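A.B. asks: Take a look at the letters that make up each chain.
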Amino acid sequence: MSLNYPVVVLLIVLGIYCILSKRNLIKIVIGLSIMTDGVHLLLISLGYRVDGIAPIVPRAMLENFSEIAERAVDPVPQALVLTSIVINVCILALALSLTIHTFRNYGTINPYKINELKE
Amino acid sequence: MQEKFALSLAVIVGLFLILALYSGAPSFGSFPDRPLLDTEDNTIPSIGFPILEGAPEKPPDGLGVPNVVTGVLWGYRAYDTMGEATVLFTSVVGVIMLGSHTGMLSLCKVVGMTVIVKTVASLLTPFLFLFGGYIVLYGHLTPGGGFPGGVIIAAAMTIILLAYGVRFACSRIGFIPCEMGEELGAIMIVVIGIAGFFTGTYFLQPWAFFGELGDLLSNVKIIILNFAVGLKVAGGMLLIIYTLLTSFGGE
Chain A
1 MSLNYPVVVL LIVLGIYCIL SKRNLIKIVI GLSIMTDGVH LLLISLGYRV DGIAPIVPRA
61 MLENFSEIAE RAVDPVPQAL VLTSIVINVC ILALALSLTI HTFRNYGTIN PYKINELKE
Chain B
120 MQEKFALSLA VIVGLFLILA LYSGAPSFGS FPDRPLLDTE DNTIPSIGFP ILEGAPEKPP
180 DGLGVPNVVT GVLWGYRAYD TMGEATVLFT SVVGVIMLGS HTGMLSLCKV VGMTVIVKTV
240 ASLLTPFLFL FGGYIVLYGH LTPGGGFPGG VIIAAAMTII LLAYGVRFAC SRIGFIPCEM
300 GEELGAIMIV VIGIAGFFTG TYFLQPWAFF GELGDLLSNV KIIILNFAVG LKVAGGMLLI
360 IYTLLTSFGG E
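Same order as they appear, the protein sequences are chains A and B.
Just so you know, we're using my numbering here: the first sequence kicks off at 1 and counts up by one.
Just so you know, we're using my numbering here: the second sequence kicks off at 120 and counts up by one.
For the record, the hints were derived by calculation from the structure and aren't laboratory data.
You may find that some hints are simply not true.
[As the list claims (entries may be wrong)] DSBU-like mimics (lysine-lysine), calculated; alpha carbons at most 35 Å apart, straight line:
| no. | chain 1 | residue 1 | chain 2 | residue 2 |
| --- | --- | --- | --- | --- |
| 1 | A | K22 | A | K113 |
| 2 | A | K113 | B | K237 |
| 3 | A | K113 | A | K27 |
| 4 | A | K113 | B | K123 |
| 5 | B | K123 | A | K22 |
| 6 | B | K237 | A | K22 |
[Stated by the list, open to error] Per the computed footprint, the stretches of chain B lying under chain A, defined by three or more beta-carbons under 8 Å from a beta-carbon of chain A, are:
| no. | region |
| --- | --- |
| 7 | 125-133 |
| 8 | 208-216 |
| 9 | 244-251 |
Small disclaimer: the values here were computed from a predicted structure and weren't measured.
Positions of the beta carbon are idealized from the N, C-alpha and C atoms, including for glycine.
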């Protein structure tokens with residue numbers, strides 16, 4: 001019984017709850033980050049195998065592919081998550097600068113107060 | 120009302136996830152249902168590429184690198200990775216557009232930490248730069264590559280920034296070199312991609328194999344692409360950090 005899947009469910013649920021219920025833009029960004037981490041953990045866990053090795057083929061193992069084939073973990077989710085992490089950083093940076101911009105223009109980072117100010 | 124709605128939606132998503140993970144998905148650690156490599160022709164079944172046939176006479180047939188993750192990233196999914204580099208570029212442009220004001224840097228206070236932190240930072244950063252360069256250039260042989268290496272280089276610069284303040288850091292590696300590095304990286308990726316046409320393969324597909332599999336120069340194209348993306352990530356991360364800091368007056 002491994003903890004990966006329960007932790008995945010916990011992280012995604014906490015992230016969604018945080019995004020929907022908080023009234024502070026920075027806390028919403030934190031929730032987004034937590035949810036993305038849950039998705040990354042899910043993708044990595046799907047390609048894992050017990051006692052797996054890294055999918056790297058050193059020259060010493062060139063002759064016996066079958067050993068690597070039986071033990072290496074799936075490389076495709078790892079490459080996907082590698083790109084996803086960088087995109088997550090981009091999104092966080094952009095969201096935080098939007099928060100700074102909002103605070104400069106409206107003087108508050110509560111999205112509901114900004115809605116009230118508009119009317 | 121809103122709290123209840125958030126809670127109920129989160130619980131519904133959680134139940135759905137539990138249902139999906141424990142009925143449909145493979146249970147944790149049980150990936151060996153199919154072997155990673157087909158041992159008869161050395162292909163990865165989930166990709167369809169043979170990974171190790173890096174022969175110069177038929178370059179499109181193999182990823183040609185020992186590190187399969189890098190091979191997937193810059194061979195099989197190279198087009199996707201290029202799009203992802205574009206996302207980084209767009210994000211940096213957005214952050215600069217929202218956050219920067221002309222003349223903000225000269226308003227920044229000269230802040231720095233104590234002499235202990237400064238000494239440790241100046242001793243540590245050369246090795247961090249070296250380590251970042253190693254991660255970038257050996258990305259096709261060992262775990263690593265352009266993305267982690269670029270982040271390590273940006274982190275090394277961030278240590279200098281924390282110890283000596285924003286203005287000192289910007290006097291060493293300023294906004295303009297970061298911007299140039301980022302754009303040079305983007306241009307290099309596209310040029311390497313187009314060069315694939317002239318070597319008889321597709322856009323961004325493998326070419327330029329030299330020597331045996333596992334040599335340092337065995338796949339020059341992936342080394343150049345890793346270098347380009349390392350440059351791009353380091354420049355982009357530093358630009359984001361500088362812009363977010365200077366928009367707060369360097370505190």
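A.B. asks: Checking one constraint from the list: CA of K237 (chain B) to CA of K22 (chain A), max 35 Å. Satisfied?
C.D. replies: violated, 39 Å
A.B. asks: Taking only the CA atoms, is the gap from K113 (chain A) to K27 (chain A) under or equal to 35 Å?
C.D. replies: Holds, because 15 Å separates the two Cα atoms, which is no more than 35 Å.
A.B. asks: Holds or violated: are the alpha carbons of K123 (chain B) and K22 (chain A) at most 35 Å from each other?
C.D. replies: Given pair K123 (chain B), K22 (chain A) holds - Cα atoms ~12 Å apart, limit 35 Å.
A.B. asks: How about the region 125-133 of chain B: do at least three of its residues have a C-beta closer than 8 Å to a C-beta of chain A?
C.D. replies: Coverage by chain A holds here, the residue count being 7 at a Cβ distance below 8 Å.
A.B. asks: Holds or violated: K22 (chain A) and K113 (chain A), Cα atoms, limit 35 Å.
C.D. replies: Since the Cα atoms of K22 (chain A) and K113 (chain A) sit roughly 13 Å apart, the hinted pair holds (cutoff 35 Å).
A.B. asks: Holds or violated: K113 (chain A) and K237 (chain B), Cα atoms, limit 35 Å.
C.D. replies: violated, 43 Å
A.B. asks: Is it true that the CA of K113 (chain A) sits at most 35 Å from the CA of K123 (chain B)?
C.D. replies: Distance of about 20 Å is within 35 Å: holds.
A.B. asks: For the region 208-216 of chain B, do at least 3 residues have a Cβ located nearer than 8 Å to some Cβ of chain A?
C.D. replies: With 5 residues closer than 8 Å to chain A, the region 208-216 of chain B meets the three-residue bar; holds.
A.B. asks: Mind taking a look at whether chain A covers the region 244-251 of chain B? Criterion is 3 or more residues with CB to CB distance under 8 Å.
C.D. replies: Contact hint for the region 244-251 of chain B vs chain A: violated, 0 residues under 8 Å.
Violated hints for the displayed structure, listed by number in ascending order: 2, 6, 9.
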